[in-house]
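K.L.:
Given the coordinates of chain A, work out where chain B should sit on it, guided by the hints.
Chains A and B are the protein sequences, given in the same order.
Numbering-wise, the first sequence is residues 27 to 547 according to the working numbering.
Numbering-wise, the second sequence is residues 1243 to 1380 according to the working numbering.
The set of hints was computed from the structure by calculation and includes no laboratory data.
Please read all numbers here as calculations on a predicted model, not as lab measurements.
Take every hint as true, because none was put in to throw you off.
Quick look at which bits of chain A chain B covers, simulated, 3 or more residues with Cβ under 8 Å: (1) 101-111; (2) 225-238; (3) 316-322; (4) 347-358.
The C-beta atom is built at its ideal place from N, Cα and C for all residues, glycine as well.
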Amino acid sequence: MSGVPVGAVYGGGPLPGEYPYTRGIYPEMYRSRLWTMRMFAGFGTAVDTNGRFKEILRHGGTGLSTAFDMPTLMGRDSDDEVWSAGEVGRAGVAIDTLADMEDLFADIDLGSVSTSMTINGPAIVALAQYIAVADKTGVDRATLSGTIQNDILKEYQAQKEYIFPPRPSMRIVTDMMRFTTAEMPRWHPVSISGYHIREAGSTAAQELGFTLANGFAYVEAAQAAGLDIDDFASRLSFFFNSHSDFFEEIGKFRAARRIWATWMKERYSAASERSLLCRFHTQTAGVSLTAQQPEINIARVAIQALAGVLGGTQSLHTDAFDEALALPTEKAARIALRSQQIVAHETGVASVADPLGGSAYVEWMTDEMERRAVEILDHLLELGDGSILEGVYEGIDNGWFVGGIADSAYRFEREVNEGTRTIVGVNAFCDGDDGDDNGANLLRIEQDTEDLQLKRLAAVKQARGDEAVRRSLEAVGQAARDAGTNLMPPVIDAVNAYATEGEICDTLAGVFGRYVEQAIV
Amino acid sequence: MAESQPGAGREAPIRVVLAKLGLDGHDRGLKVVARMLRDAGMEVIYLGLRQTTESVIAAVEQEDADVIGLSMHNAGHLALAPRILQALADSGLDVPVVIGGIVPEADVSTLKELGISAVLHPGASAVEVADAIRRSVA
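So that you can see chain A by itself, here it is in the shape it has in the complex:
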């Protein structure tokens, strides 16, 4: 506040922007470029979410992030009576066909926004629909900027939104990597996500170790598919959780950069500097939000956001305080965005790169997070006979990941129950809870969303050419049976024929099968 002039960085090397990038991937970090304030949104129909997108852009958000509803995430159409009834448009936006994707991005110039799509099992269909919208609106594919999550490995470990078994799913991912590397140089084809691993109950060290292992697994899979590491590695990005243990989180972010850079260089022989950089998006910890006294979540989110920024994140989503109760209201989402704007513009933490670097405690915590994550990586290398990819497959098949996460989740819950871990408003300082959702004005998705979407889908099916749909799906099936054919082009053709997401996924499942997890506690 006193206007003391400060330098871009303090302390010794390796400095930010220098290998192994523990202190940050850019020399001046936020002084040269602020993080992207990317707020996740999606509910109801595509038209509803399009309205929220425009609102976010109007309020100064600089990137869009799409939440899909459960049927869309699982490759089921809205009119699937067994699986979709009651779930359409509730937890995100419902997208069945290209027509919905066209509505979702209506009046938004895809050439000038960066878009994140949080979808995994059917990611190939969503990406194809996005490309088709760009094609139709005259936007060059090469200018498309954004990220599709497409991190299928963590689905088997944590989030459970898989469709096909792991190995054919990895083939789809590598097909997408090959396609975007060639045609969409500004696109991130996989966002390797620790977020869901953490939300499912892992510790910070497990989040770090599992996520980096998955990252190296994608690298090995892409190399095995014949891609050159320096052609794709710079397009891999990460997505981490920022939880409440402030210094542990900062240590985790710093360790992530160091491990990624050293392993990519030494183990995978990446030559380009850009291949070594661990770029990541951060979201505050949804699971840390309490339904009790929900307003105090605003403070939790602000502290977690600060940890993400001090950890050097490239983009940030701050959770809305009412998310333990329902999808966020516009007001709660706005407060969340304002919270990170305060961190960015009022606190001064963005003025200096890695301001905590050199703190004995922060450096120790960084080393400790690294040590624990490398232990996990070593275990997986052993499981996979020298291959992280095979180790990850094995860890999925034998329940090692889900078991480890469930153990940590249970330990946490017991600590809260026994009172050895304090959660304000839950097991301590409980006065002031108003009950009855604490007067929060919750967003409710009414049944008419589902009815609207069903009508919309029926109209699209009525208007499309059935023969073209049938032929395009046949081509998708043929490509699926031939490992040497890239699946992207036939899937783009199918979405252009207005084949539904469910039809395309069913066709792929006909060849690849469907994954069913063992129910283990």
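P.N.:
This is chain B only, laid out in the frame that chain A set:
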């Protein structure tokens, strides 16, 4: 404390079927509850994710379960609850259903009127969870 616990007079352990209906994949809470109930001496039949009303009913019949615990995190409770209750009635089963998860307070009375025995919110302690199950079968 044991004497005051609801259902404490039973001899056989309570058998609980735990499941998630529909597509929602949030299974952290359900897994934690499974271990809580085991620690409380109950027998847990853990079905896990992506169950249908039919698969839950089949498990209740095969396992001779006393109570069903369903986890809901995707705002689908008002659609899914009537479905399972109807299916139970159609099968002639008199088995209580307890729901846990993210359920707005305003929906709790609706769910109870439909016939749901109890609704547990996030942050419910191990004792509260076990008590709700015991009370539902008492």
